[in-house]
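Chemist: Sequence:
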Amino acid sequence: MSVSLQVLYPITKQTNFDYNYFFATHMKLVADTFGDHLDSTLVTKGVAGGMDKSAGYYAIATMIFKNQSAMDLALSRSGPVMEDIPNYTNTEPVMLIGEVVL
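Counting in the working numbering, the sequence shown runs from 2 upward without gaps.
Worth flagging that the hints you see were computed from the coordinates, not collected in a lab. Please note that a few of the clues may not be correct.
As the list claims (entries may be wrong) - Cut-off 25 Å, straight-line C-alpha distance, at most; resulting in silico cross-link-like pairs (BS3-like, lysine-lysine):
| # | residue 1 | residue 2 |
| --- | --- | --- |
| 1 | Lys54 | Lys14 |
| 2 | Lys54 | Lys29 |
| 3 | Lys46 | Lys14 |
| 4 | Lys46 | Lys29 |
In this text the structure is predicted, and so the values were computed from the model without any measurement.
Given only the sequences and the hints, what does the whole structure look like? Please build it.
Modeler: Here is the structure:
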């Protein structure tokens with residue numbers, strides 16, 4: 002069964018986020034680091050939190066892996082990816098690991 006890793010970047014008054022760095026550098030680092038273990042990625046840039054509401058997240062990065070073993074192998078190499086986070090944001094990322102059901 003495919004599994005997903007989602008990384009959510011919450012917006013607060015004290016945080017910032019460099020979209021250019023995130024899209025051009027960080028997501029390339031993710032692809033290079035996770036390599037063949039990664040099936041696909043989807044990045045959503047937050048623009049709203051509903052009708053007439055501000056976005057609650059700068060971005061949500063979704064990474065899909067063939068199975069739990071593939072994700073475990075990818076995450077075992079995640080050091081450079083994690084160390085890169087302060088280069089584009091000072092927010093505390095939230096992670097969600099789940100089974101892909103649809």
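Chemist: Give a verdict on every hint.
Modeler: Now the hints, each set against the structure:
no. : hint           : verdict
1   : Lys54 to Lys14 : 15 Å, holds
2   : Lys54 to Lys29 : 31 Å, violated
3   : Lys46 to Lys14 : 18 Å, holds
4   : Lys46 to Lys29 : 16 Å, holds
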